[in-house]
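2 protein chains.
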Amino acid sequence: MQPPAAGEFGLIESLRALIELRQTPPAVPGSPHSLLVGIGDDCAVWRCGDTTQLATTDTMVEGVHFQRETTSWRDLGWKALAVNLSDIAAMGGLPDYALVTLGLPPGTNSEGLLELYQGLQDCALEFRVELAGGDVVAAGQLFITVALMGRAGNDSPFPNNVLLRSAAAPGDAIAVTGAVGASAAGLRLLQQDPMASGPTALLDAHRRPQPRLALGRLALSAGVRCGMDVSDGLAGDLQKVCTASGLSAEVHLGDLPVAAIVREQFPEGWAQLGLAGGEDYELLLVAPAEVLAAVAERSGIPLTVIGAMAAGSPGRVTVRDARGDPLELERMGWDHLDGGL
Amino acid sequence: MQPPAAGEFGLIESLRALIELRQTPPAVPGSPHSLLVGIGDDCAVWRCGDTTQLATTDTMVEGVHFQRETTSWRDLGWKALAVNLSDIAAMGGLPDYALVTLGLPPGTNSEGLLELYQGLQDCALEFRVELAGGDVVAAGQLFITVALMGRAGNDSPFPNNVLLRSAAAPGDAIAVTGAVGASAAGLRLLQQDPMASGPTALLDAHRRPQPRLALGRLALSAGVRCGMDVSDGLAGDLQKVCTASGLSAEVHLGDLPVAAIVREQFPEGWAQLGLAGGEDYELLLVAPAEVLAAVAERSGIPLTVIGAMAAGSPGRVTVRDARGDPLELERMGWDHLDGGL
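Chains Y and D, in that order, give the protein sequences.
Note that numbering that gives the first Met the number 0 numbers the first sequence so that position 138 is 137, with each residue one more than the last.
Note that numbering that gives the first Met the number 0 numbers the second sequence so that position 23 is 22, with each residue one more than the last.
The set of hints was computed from the structure by calculation and includes no laboratory data.
Model, not experiment: these values are computed from the prediction.
Backbone N, C-alpha and C fix where the C-beta goes; we use that ideal spot for every residue, glycine too.
Hints may contain errors.
Stated by the list, open to error - Part of the chain D face toward chain Y, derived, beta carbon under 10 Å:
1. Cys42
2. Asp57
3. Trp72
4. Met194
5. Ala195
Please work from the sequences and hints to get the whole structure.
Okay, structure coming up:
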């Protein structure tokens, strides 16, 4: 629910540098396996025989990523799997098997746990994933880690069978699916009143995010090559596309698909919710405008163009207001946005 | 380091029952994927094109699975990957790619973390695994979760291309690789004195377990069909083989490969360390005696026959002393041994 601290990004970068320095060769000489995408995209990607495999993992820690007061056991189960499915969607892939690790504090009630598994199963059935195993460990605080394995959603050879953060080109239009800011708005309402019963659309956006699996595959088949999911907030996530592609981006605040109900409920804060609220689990798609138009035409989900990619200033995201002036993103709590990762 | 509490087994059983009840169909109609082994063995197993895929996950939580006082950062990294490799070894498989999740309390020192990654890389290089991604999250206590993907080590069709807990037959001999009890003995020495410098063999067994990957593949190619790794303690793990195979087992305490140094250091406690110490990461192999003899002849690692499987009393493990009398395992802290899982 909170955007990750700048320190988390810095740490990941340090570790990535260390790992890239010591990157190992494929597991076994003559192995049919080889890593195509490692740390730094939504999934790891490798070849296995004639398929392209995907794997991702995401963790939810009590008190960090969720509060028991605002998240039911069943919603927690749904969300723990859904956020991983969103990573597969971000590659345009198909999900297959999940391993679930539960860290349980002493005295965790077993009815709650069964509800959590019910929520996992709700999501697994909805998106046709099998829960294939996992681990249960004692821990000081509740956490749930899902590792999700899947595969590329089309048969083209790599890189054309997955969406990559690094595949944006100068002049590409930037689009986002659905709407942004609703999940963060729902969370704020729940924090004000854990028993809040409306507006349902906002509460549901927070409680039961819908991974954009079908749309990710559709985008890929329509010719989109660059995408990622919006989990940490639109502006920060777009910055990752910019960094990976060695480009900059301009976004027009007025074009942001922030629902009317969010603007009504948060007349002062809707822009921040939309740009940096996080947990939207929508897709950012970056491609020539006509390709995105073709996706929009074939999809039942709104797809809104919000800006464009440009050469130069790699990693820079500029958000312009109605007058064309750049917003001061630092004042919105995103002081790492201009400094690069 | 501690054998899991009986409650953990009970919880896993409840969750497994729930999941089996609602087992989902393969991810997509006509998918080339299908789950062959789910919850209840060392790895999940499924088909992917013409290969058999394996995946496993294990977590180490500070204060539960390790103490910082007795485990260096670098050894923690090694061990977090090694215990997962042991699950792949237990299937007779080959490891490929790992995802690493770190839960970090505020103020975790980054030098320690880099050492942890160094330990992960030591192990990854030694056993030819690639670290392909992961997640870093804030948490109240340090934990590390590894999800490891691999594949079957031979080209036979399933079930003959993996070792299974469920594949034991009445009359099969039970053998264990290397020696048991050394890791638990090493831990006891470290608990007495975190700066303990000897006996090195025991400390190393605890700090840097060596997954039996080559031996697992050798066993499979020699015709062994049943195996698992010894992570929670020999007697308890053998019971899992008994339950999965619907058989009982008899073990002779006098045949247990407990090193002379363990017997010297713990003249009263060596039997418990050998039977229930845990964290040995050796392999239990169950097969006709002549098949095990062929493995022993071709392997550079000791393989010791310790007992035999029998029909009836599914899930019962009987350990007999030199006079042939059954030990009272309940008095050794393993009161769930006789009661089934």
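Hint check results:
no., hint, in the structure
1, Cys42, "7 Å, holds"
2, Asp57, "6 Å, holds"
3, Trp72, "13 Å, violated"
4, Met194, "27 Å, violated"
5, Ala195, "26 Å, violated"
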